[in-house]
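Student: Residues per chain, in single letters:
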Amino acid sequence: MSDEIVLRVKDLCKRYGDKAVLRGVSFEVERGEVKVIMGPSGTGKTTLLKCIDMLVKPDSGKIWLEDLELTDPRTDVSEARRKIGFVFQEFNLFHHLTAIKNVMIGLTKVKKLPKDEARAIAERSLLKVHIDRELWDRYPAQLSGGQKQRVAIARALAMEPTIMLYDEPTSALDPQLTREVLEVIKELAEDEMTSLIVTHEVNFASEVADEIMIMMDGRIVERGDPRSIIYDPRREETRRFFNKIVKIGDELR
Amino acid sequence: MNLMTFSKYLPYIFEGSLWSLGLVLGGLGIGFAIGVTFSLIQVYGNPLLKRLISLYVWFFRGTPLIVQLFLFHWSIFPALGIKSTALTTSITVLGLRSGAYQSQIFRGAIGSIEETQMLAARALGMSNWDAISSIILPQALRIAIPQISNEYSIILKDSAICFILGVMELMTRAKYAAIATGIALIPYLIAGLIYLVLTYIGTMFFNLIYLKMRIPDSMEG
Numbered sequence: 292m293s294d295e296i297v298l299r300v301k302d303l304c305k306r307y308g309d310k311a312v313l314r315g316v317s318f319e320v321e322r323g324e325v326k327v328i329m330g331p332s333g334t335g336k337t338t339l340l341k342c343i344d345m346l347v348k349p350d351s352g353k354i355w356l357e358d359l360e361l362t363d364p365r366t367d368v369s370e371a372r373r374k375i376g377f378v379f380q381e382f383n384l385f386h387h388l389t390a391i392k393n394v395m396i397g398l399t400k401v402k403k404l405p406k407d408e409a410r411a412i413a414e415r416s417l418l419k420v421h422i423d424r425e426l427w428d429r430y431p432a433q434l435s436g437g438q439k440q441r442v443a444i445a446r447a448l449a450m451e452p453t454i455m456l457y458d459e460p461t462s463a464l465d466p467q468l469t470r471e472v473l474e475v476i477k478e479l480a481e482d483e484m485t486s487l488i489v490t491h492e493v494n495f496a497s498e499v500a501d502e503i504m505i506m507m508d509g510r511i512v513e514r515g516d517p518r519s520i521i522y523d524p525r526r527e528e529t530r531r532f533f534n535k536i537v538k539i540g541d542e543l544r
Numbered sequence: 003m004n005l006m007t008f009s010k011y012l013p014y015i016f017e018g019s020l021w022s023l024g025l026v027l028g029g030l031g032i033g034f035a036i037g038v039t040f041s042l043i044q045v046y047g048n049p050l051l052k053r054l055i056s057l058y059v060w061f062f063r064g065t066p067l068i069v070q071l072f073l074f075h076w077s078i079f080p081a082l083g084i085k086s087t088a089l090t091t092s093i094t095v096l097g098l099r100s101g102a103y104q105s106q107i108f109r110g111a112i113g114s115i116e117e118t119q120m121l122a123a124r125a126l127g128m129s130n131w132d133a134i135s136s137i138i139l140p141q142a143l144r145i146a147i148p149q150i151s152n153e154y155s156i157i158l159k160d161s162a163i164c165f166i167l168g169v170m171e172l173m174t175r176a177k178y179a180a181i182a183t184g185i186a187l188i189p190y191l192i193a194g195l196i197y198l199v200l201t202y203i204g205t206m207f208f209n210l211i212y213l214k215m216r217i218p219d220s221m222e223g
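Note that the protein sequences, when read in sequence, are chains A and V.
Residue 544 is where the first sequence ends in the numbering used here, and the numbering goes up by one at each step.
Residue 223 is where the second sequence ends in the numbering used here, and the numbering goes up by one at each step.
One thing to keep in mind: the hints can contain errors.
[What the hints assert, rightly or not] Derived DSS-like pairs: lysine-lysine, alpha-carbon spacing no greater than 30 Å straight-line:
hint, chain 1, residue 1, chain 2, residue 2
1, A, 374, A, 392
2, A, 310, A, 400
3, A, 392, V, 214
4, A, 406, A, 353
5, A, 348, V, 85
6, A, 348, A, 403
7, V, 159, V, 85
8, V, 159, V, 10
9, A, 341, A, 374
10, A, 341, V, 52
11, A, 419, A, 477
12, A, 400, V, 85
13, A, 419, A, 402
14, A, 402, A, 392
15, A, 406, V, 52
16, V, 10, A, 400
17, V, 214, A, 403
18, A, 419, A, 403
19, A, 406, A, 348
20, A, 400, A, 419
21, A, 353, A, 392
[Stated by the list, open to error] The following label-pair restraints were derived from C-beta to C-beta distances:
hint, chain 1, residue 1, chain 2, residue 2, range
22, A, 308, V, 53, 41 to 49 Å
23, V, 209, A, 317, 55 to 63 Å
24, V, 110, A, 311, 34 to 42 Å
25, A, 359, V, 77, 56 to 64 Å
26, A, 299, V, 110, 26 to 34 Å
27, A, 357, V, 117, 27 to 35 Å
28, V, 211, A, 359, 25 to 33 Å
29, V, 66, A, 360, 36 to 44 Å
30, A, 527, V, 216, 54 to 62 Å
These are calculated hints, taken from the structure and not from any lab test.
Glycine is no exception: its CB is placed at the ideal position from the N, C-alpha and C atoms.
All chains should be modelled from the sequences, with the hints used to inform the complete structure.
Tutor: Listed below in structure tokens is the structure:
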């Protein structure tokens with residue numbers, strides 16, 4: 292990990308009507324770093340990721356991706372989004388395209404690469420997420436949830452993003468499929484893929500994260516290395532949060 | 003007049019089916035272009051344009067075809083200095099009218115696609131136009147095929163009304179044959195039969211496209 296800052300978020304605020312979803316969020320992500328955001332549902336984690344990708348326009352605050360200020364009205368956000376890989380909770384693969392075409396379309400339409408070059412990159416990306424050749428020509432509806440999410444990761448990865456954003460990538464999956472997806476994300480993280488991950492998977496977070504940030508009521512209330520955050524949090528509300536999700540996890544087992 | 007003489011009129015009537023088909027394909031094609039364009043404006047466009055298109059749709063769905071044919075042939079086109087034959091007026095009006103209906107077909111189809119498809123396209127860095135043309139439209143068109151098939155069979159029968167301007171389509175020829183031979187029922191029965199066959203062929207054709215374009219949703223697909 293170098294000290295070079297890839298993503299900088301400063302005083303980000305967002306309201307929906309009279310509900311303040313983000314109330315001054317600030318943090319930085321360095322190149323090669325993996326940051327995990329955890330916290331109860333409805334505390335603005337998804338909104339935060341969508342703001343970073345400018346899919347939701349923040350009310351105030353600033354976001355920089357490397358030297359580019361995304362929140363600057365003069366910035367071409369479509370152009371900037373190519374450098375940000377976004378993985379959705381519900382996969383959101385394009386229904387009418389096969390697995391490999393899902394991965395290729397960003398390369399041909401956005402990066403304007405010739406087809407054979409796009410195909411070669413797509414093949415490499417799919418193999419990287421362990422989607423084998425026999426699945427390449429299947430349509431999303433013919434894939435399992437875990438396979439869909441891995442194709443979605445490959446789709447983002449193929450664009451060679453500066454950073455990957457994962458929005459609860461396994462929340463829509465059962466435990467079996469969760470494992471195969473988390474394994475892939477972990478491998479990418481070990482390959483120094485800069486990542487910002489929202490997840491409820493405590494074990495995964497403790498293994499993969501360089502830092503965990505706890506979000507509550509639109510603020511980052513606590514942050515630190517996984518061990519101290521999970522096992523020895525300073526704040527009572529963080530402790531209660533982990534007790535709750537670990538307990539739920541136990542019941543599931 | 004006997005049936006022998008009448009049989010001479012059969013090729014004459016059959017030739018009308020080509021004219022009818024021309025009216026339908028022309029109308030359907032123009033309607034398709036208008037329908038796709040207007041549906042996109044209605045979903046993604048600015049409020050003023052949306053309002054104008056609502057008025058357009060309201061007019062063309064709200065008035066009888068025969069009124070529209072007269073209006074365009076005898077008032078609007080002459081007033082605009084456009085020289086239009088019965089055939090070109092008929093195709094234009096069928097197209098404008100079908101455009102109103104098709105815009106609502108495509109609007110519904112676009113509306114039925116989850117918003118997250120657009121979101122995922124934008125997240126990849128696609129411009130709005132790229133997202134619409136390579137993600138939204140290909141899905142919307144597939145969804146709309148059965149309704150376009152339905153629209154085909156509606157225009158086909160609507161085209162019979164173009165006899166009022168004297169276009170040499172099926173109904174016009176059936177009428178002339180009936181007058182010339184004094185046999186009233188049979189020419190119209192034959193015309194009706196040809197309409198049934200054309201409907202059948204068209205429906206089969208669209209069904210083939212539908213099956214070919216269908217997105218597989220199971221391992222067998």
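Student: Determine for every hint whether it applies to the structure shown.
Tutor: Verification of the supplied hints:
This hinted pair checks out: residue 374 of chain A and residue 392 of chain A have alpha carbons roughly 20 Å apart, not beyond 30 Å. Restraint check for residue 310 of chain A and residue 400 of chain A: the C-alpha separation of about 37 Å exceeds 30 Å, so the hint is violated. For the suggested pair residue 392 of chain A and residue 214 of chain V, the alpha carbons sit about 18 Å apart, so the restraint of at most 30 Å is met. A threshold of 30 Å between alpha carbons decides the hint, and for residue 406 of chain A with residue 353 of chain A the separation of about 37 Å lies outside it, so the pair is violated.
About 52 Å separates the Cα atoms of residue 348 of chain A and residue 85 of chain V, which puts this hinted pair outside 30 Å; it is violated. At most 30 Å may separate the alpha-carbon atoms for a hinted pair to count; residue 348 of chain A and residue 403 of chain A meet this at roughly 27 Å. For the hint linking residue 159 of chain V to residue 85 of chain V, the alpha-carbon distance of about 26 Å falls within 30 Å, and the restraint holds. A hinted pair counts as satisfied when its Cα atoms are at most 30 Å apart, and residue 159 of chain V with residue 10 of chain V qualifies at roughly 25 Å.
Our distance criterion of 30 Å between C-alpha atoms is met by residue 341 of chain A and residue 374 of chain A, whose separation comes to about 14 Å. The suggested pairing of residue 341 of chain A with residue 52 of chain V holds, with an alpha-carbon distance near 29 Å, which does not exceed 30 Å. Proposed proximity of residue 419 of chain A and residue 477 of chain A is supported: the alpha carbons are some 12 Å apart, at most 30 Å. This hinted pair does not check out: residue 400 of chain A and residue 85 of chain V have alpha carbons roughly 43 Å apart, beyond 30 Å.
Of the pairs offered as hints, the one joining residue 419 of chain A and residue 402 of chain A holds, with about 20 Å between alpha carbons and a cut-off of 30 Å not exceeded. Distance restraint check for residue 402 of chain A and residue 392 of chain A: the Cα-Cα separation of roughly 14 Å lies within the 30 Å cut-off, and the hinted pair is therefore satisfied. A hinted pair counts as satisfied when its Cα atoms are at most 30 Å apart, and residue 406 of chain A with residue 52 of chain V does not qualify at roughly 37 Å. With a CA separation close to 59 Å, the supplied pair residue 10 of chain V and residue 400 of chain A exceeds the 30 Å bound.
With a CA separation close to 28 Å, the supplied pair residue 214 of chain V and residue 403 of chain A stays within the 30 Å bound. The hinted pair formed by residue 419 of chain A and residue 403 of chain A meets the criterion: a straight-line CA distance of about 22 Å does not exceed 30 Å. At most 30 Å may separate the alpha-carbon atoms for a hinted pair to count; residue 406 of chain A and residue 348 of chain A exceed this at roughly 33 Å. Between residue 400 of chain A and residue 419 of chain A the CA atoms are separated by roughly 22 Å; this keeps the pair inside 30 Å, and the hint holds.
Restraint check: the Cα-Cα separation between residue 353 of chain A and residue 392 of chain A comes to about 35 Å, which exceeds 30 Å; the hinted pair is violated. Remark: the range hint 41 to 49 Å for residue 308 of chain A to residue 53 of chain V is contradicted by a beta-carbon distance near 27 Å. Between residue 209 of chain V and residue 317 of chain A the beta carbons are some 58 Å apart, a value that agrees with the proposed interval 55 to 63 Å. A C-beta distance of roughly 37 Å is found between residue 110 of chain V and residue 311 of chain A, which places it inside the suggested range of 34 to 42 Å.
Here the CB-CB span from residue 359 of chain A to residue 77 of chain V is close to 58 Å, well matched to the stated 56 to 64 Å. In this structure, residue 299 of chain A and residue 110 of chain V break the distance hint of 26 to 34 Å, their C-beta atoms being roughly 44 Å apart. For residue 357 of chain A paired with residue 117 of chain V, a C-beta distance near 30 Å keeps the hint of 27 to 35 Å intact. Remark: the range hint 25 to 33 Å for residue 211 of chain V to residue 359 of chain A is contradicted by a beta-carbon distance near 45 Å.
Between residue 66 of chain V and residue 360 of chain A the C-beta distance comes to about 59 Å, which lies outside the given range of 36 to 44 Å. Taking the beta carbon of each, residue 527 of chain A and residue 216 of chain V are about 56 Å apart, inside 54 to 62 Å as hinted.
Hints 2, 4, 5, 12, 15, 16, 19, 21, 22, 26, 28, 29, counting from the list given before, are not met by this structure.
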